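Starting from the known structure of chain A, arrange chain V on it as the hints suggest.
These are the residues of each chain, in order.
There are 2 protein chains.
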Amino acid sequence: MNPDIRRERENASFNTQILTNILDGGAEKTRRRREIEALVINDPDFQHDDLNFMSRSERYDAAVKKSAQMILKLRDYGISDPEEIYFYKRFIHRGSSEPLDLHLGMFLPTLLNQASPTQLDTFFTPAWNLEIIGTYAQTEMGHGTHIRRLETTATFDPSTQEFVINSPTVSSIKWWPGGLGKTSNHAIVLAQLYTLGKCHGLHAFIVPIRCMKTHQPLPGVTVGDIGPKFGFDEVDNGYLKLDNIRIPRENMLMKYAKVEPDGTYLKPPSDKLTYGTMVFIRSMIVGESAKALSKSCTISIRYSAVRHQSELRPGEPEPQILDYQAQQYKLFPLLATAYAFTFVGQYMSNMYHRITGDINQGDFSELPELHALAAGLKAFTTWNANTGIEVCRMACGGHGYSRSSSLPDIYVTFTATCTYEGENTVMMLQTARYLVKSYRQAREGQQLSGIVSYLNEPQRVQPHPVSSRPTVVNINDLSSLVEAYKLRAAKLVEMAAKSLQGELQHRKSQEDAWNNSSIELVRASDAHCHYVVVKLFAAKLSEVSDTAVHSVLNTLALLYALHGVALNSGDFLQAGLLNVPQLGQVTQRIKALLAEIRPNAVALVDAFDYRDEMLNSVLGRYDGNVYESMFEWAKRSPLNRTEVHDSYYKYLKPLQSKL
Amino acid sequence: MNPDIRRERENASFNTQILTNILDGGAEKTRRRREIEALVINDPDFQHDDLNFMSRSERYDAAVKKSAQMILKLRDYGISDPEEIYFYKRFIHRGSSEPLDLHLGMFLPTLLNQASPTQLDTFFTPAWNLEIIGTYAQTEMGHGTHIRRLETTATFDPSTQEFVINSPTVSSIKWWPGGLGKTSNHAIVLAQLYTLGKCHGLHAFIVPIRCMKTHQPLPGVTVGDIGPKFGFDEVDNGYLKLDNIRIPRENMLMKYAKVEPDGTYLKPPSDKLTYGTMVFIRSMIVGESAKALSKSCTISIRYSAVRHQSELRPGEPEPQILDYQAQQYKLFPLLATAYAFTFVGQYMSNMYHRITGDINQGDFSELPELHALAAGLKAFTTWNANTGIEVCRMACGGHGYSRSSSLPDIYVTFTATCTYEGENTVMMLQTARYLVKSYRQAREGQQLSGIVSYLNEPQRVQPHPVSSRPTVVNINDLSSLVEAYKLRAAKLVEMAAKSLQGELQHRKSQEDAWNNSSIELVRASDAHCHYVVVKLFAAKLSEVSDTAVHSVLNTLALLYALHGVALNSGDFLQAGLLNVPQLGQVTQRIKALLAEIRPNAVALVDAFDYRDEMLNSVLGRYDGNVYESMFEWAKRSPLNRTEVHDSYYKYLKPLQSKL
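So the sequence lines, in the order shown, correspond to chains A and V.
Going left to right, the first sequence walks through residues -15 to 643 as this note's numbering numbers them.
Going left to right, the second sequence walks through residues -15 to 643 as this note's numbering numbers them.
The shape of chain A in the complex, shown without the other chains (with noise of 0.2 Å):
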């Protein structure tokens, strides 16, 4: 092991173990998913090239390959709790998404949440057999967020009892939908429904798309890879034109909704349904953005306290980087948002499966407030996390660039969650329609209870100069900043809902005034998702014991709510929760953190427990032996397999003759 980074872990105050326990949700998980990584590094069919060196095709053909081993291996082991599952599936595949994602993460899902008695007879066991192989297409070229405009028609014919699906236009081509290109042989379409002359809008359709003997497209469906992206090798996102196809009836998923024979439709019983699934999703996105940022920081960190360079005083060995405040100052806040997501990702899933359980017993009244959180939070949670990928790929300088990072592949791939699954933008204005709500229902006299009734409070945020105002915020104390992050979201909801205001009385419609207030909407909502990340971090410290771990998060929870401040500090300034010689005192406060985090840095990396297989980086090599290994890594790139590139015959050597 390299000295460096030996000698860091022998100066940790605290115990890494007992942290892993509780990041991972207990000492017993912990060694569960040991045990289930264990399984996939020992298992020689799950051995791989490294994937920076393939084409595409080779990557797809090598997930395909996996997936398919491990759909076997599921069974044979046993594995069905969807956590270990997850575990399993996610080692497996180093954390990249694969061929079958959607159909394990959608289709078999929809079907049974969907499908009634009947169809999942019918679909069910082909599809958990693999006989069907399903995606879930709902995306087209022309329509992403809005998706009751997706043009896609299933017209029911009656005389044939048959839906007859259009793709009318080139931009209602279904665009996206992962596995659709090459790997399934169904897919679950939304299309617009029309019966007896009449749209009763989007309707979820089993179509089959390739035969299944044969895997050729069928008649009248036009299938394939939409090419390249920013990341995703290994997904065969597809497209999908549909000129006339034929479906039985009964292939219409009708669990609520339902086409009968004469043609008559049946609407569902309530259209929140189909709800739990997309909430559900962007809970887990948060818990996403931790272990992206949490690698992120695991690679930069570790790499930082191996390498040296430049020089502190003159005369001495070059120092470990890690010992610049200028690299402090870049990874450390981002360790501590890595942190924090982590427990805003427990508590999201954790809130998730309570309300799921007031759901099946009929009791809704959660819901709105998950809904809402889990957007913001999605959104907030990887845009930060997006940004501090590519902070902690640049502070490792030039090798950060290097494929061999793994830094290039953790930021393409997580990237995408910033667009997927509901639009950050749309996510966070989502979140602020609730606020506004809110704060209305509050000054109409209604006491809100959850997360928001901090709007409760309005008479503690009162537009008054900043320098006249007593300071209510104790920069030392998290509680106390809590509290500031708290009035902060305060302010600026109660700016958002005057700004609307403001725009009505301007004879605006209500839809203009939305638009117009886009700006402070979304600030609203930034607030409001910044202080629930405040509060759930220093919540979570009151369920720690273990006092020297106690004492290293709570270094964490005040150097994220501190450096939070610092670069919001003209919200906390305007609504007075902060004068100008406090700020002074913010900067000398977060100085004082970095330097107490310095010698726990490696330690708080090592917590996050990644196995040098998942992060798959030559710079974040738990022994921190860096050199010899990027070396040994660029030996196997491919344009090495020959000491001379057919290039130079071609054209060097020849231009040289001609010059």
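Don't take each hint at face value.
Since copy identity is lost for identical chains, a pair holds within one copy or between any two.
[As the list claims (entries may be wrong)] Straight line, CA to CA, 25 Å or less: simulated DSS-like cross-link-like pairs of lysine-lysine:
(1) K13 / K524
(2) K314 / K575
(3) K197 / K637
(4) K242 / K575
(5) K619 / K634
(6) K197 / K642
(7) K634 / K197
(8) K182 / K225
Hints were generated in silico from the structure; no laboratory data involved.
Computed from a predicted model, the values in this text were never measured in an experiment.
Frame of chain A; chain V shown alone:
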């Protein structure tokens, strides 16, 4: 042409051609640039497949082919003006780097600047005729930023009149030079010179690395490609390990420093002589920032004009997404930034040429200012453009994530500029060193000149409470905003200087004080650069005589300035340059400016005058026919070469029989 985008052009208030000429630096320059572009477009030798569909080896191959053609054609056409070569080369490679970049941009110029007349006779003609293909090997695996600690050695052996070159450790292996891996047969190697038992620091040596007949690596040379990176697929960035490589004494570049046959070392007359190239390249990068961002804005704004989504008003058709305030707030400040950086790039280029003239006449007086400005602006513009490209990409929703948008490619190519030619944080700290030095000189009574002369006026920036100070900013007046940026910079430079002083009073060493003030120092540099950009944008306006163009540029400049105020409101409040009520007015004013820019947005990106071939983006097409071309592009994806991918037969079909 798509009717939406035609209408946008019809509604513009100004003549794009006039603005294009301003951006090019004159009508004649526009004409000649277009002429050179047409040479490439109409040349069948430069037609090529979409690079996104090729493997890295194929992309390298295609780039070598084009570069070889280019060398021939430059001579045929007699293009020899550096700027025209740049246009031609840039267009051939569509803005990407290529394998001969370092030969043309570093190897040949270094020979010209640092070779003795005899050496020029020996090396220049073969290098000009590409018998010698060279690269510039400075960076090692273990050292990028701090080149003084490079480990490669060149030890003079008087008995054979040779230097013996060695890579003594793994970390000393040369790493990253472009064209080193497969293309070059020579390298200028930077190494620590040892002669007569003494080290004389870094010097440059011409080292043959491959046989000029067979292109095979020479004995003792280990050379290869460093493997795939985030971008730069066309370039064979390489590694080079040298084991007792002997080169004649005459292969040390000896225009300035010399080693005599008896081993006597003669040092160079000045160490500023190699300074110029570095400053030149950093100045050029400012212009690259403008180009990358203006391309990204062109793509995202044109797409936003033809993409329709959601609803602003119930029952009405879906609006162009450019009509959403949230979209305008993302894109228009970046559009303004692209203009600002273009003008700053012009300024840097002019300043560089002016000062180079002075230097040639022995006047070095302005070099420190140019050096400090180039460092800081390189960092400031690349960081801002880097973030901006990703905002543009995400503003295109899912389709921005497709390689067909070209935005991923622009990003991965551009983002390297934040690291190469001086890591950005290091650059900011270099500028800070100049600012602090200037500040101290001003405190000591020296009258500063040039761009830092504002540090002469300390009395105007005092730490008063925010609300009790008279307000200095008129947010509707550009010159008042320039003044506010100036005072903010002065304030932050002062704070950084005071932080240093405070640290020193705590009995810290100069070096520790510097390190412990990094946060303030970087902020000071950032504020200084921001001031320079706003100031230069405002100054450019005075050169614009066309009223309509002046008006739209003025709107952009105001938006640029006010958006920066909003993002850094804490600084302006803290410095007493703005009060709380004004902050609300800033938001209102920004909204009004967004609305003013809206009808001109498409024309403003048209004025950048990127041909479709250069953008290579289905979203950014001039004709707006986005969806059709996206479909055509996708069909050509390599995964669509067969209807059924091999992996089906290999894994999925066999699996189905086992389940």
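How the hints compare with the structure:
1. K13 / K524: Within. Shortest intra-copy distance 18 Å satisfies the 25 Å Cα cut-off; inter-copy 63 Å does not.
2. K314 / K575: Within one copy only: 12 Å inside a chain, 32 Å across chains, cut-off 25 Å.
3. K197 / K637: between (52 Å within a copy, 9 Å between copies)
4. K242 / K575: Answer is neither: 63 Å inside a copy and 48 Å across each miss the 25 Å cutoff.
5. K619 / K634: within (24 Å within a copy, 30 Å between copies)
6. K197 / K642: This pair counts as between: shortest inter-copy Cα distance 15 Å, intra-copy 57 Å.
7. K634 / K197: Classified as between; 14 Å across copies, 45 Å inside a copy.
8. K182 / K225: within (23 Å within a copy, 74 Å between copies)
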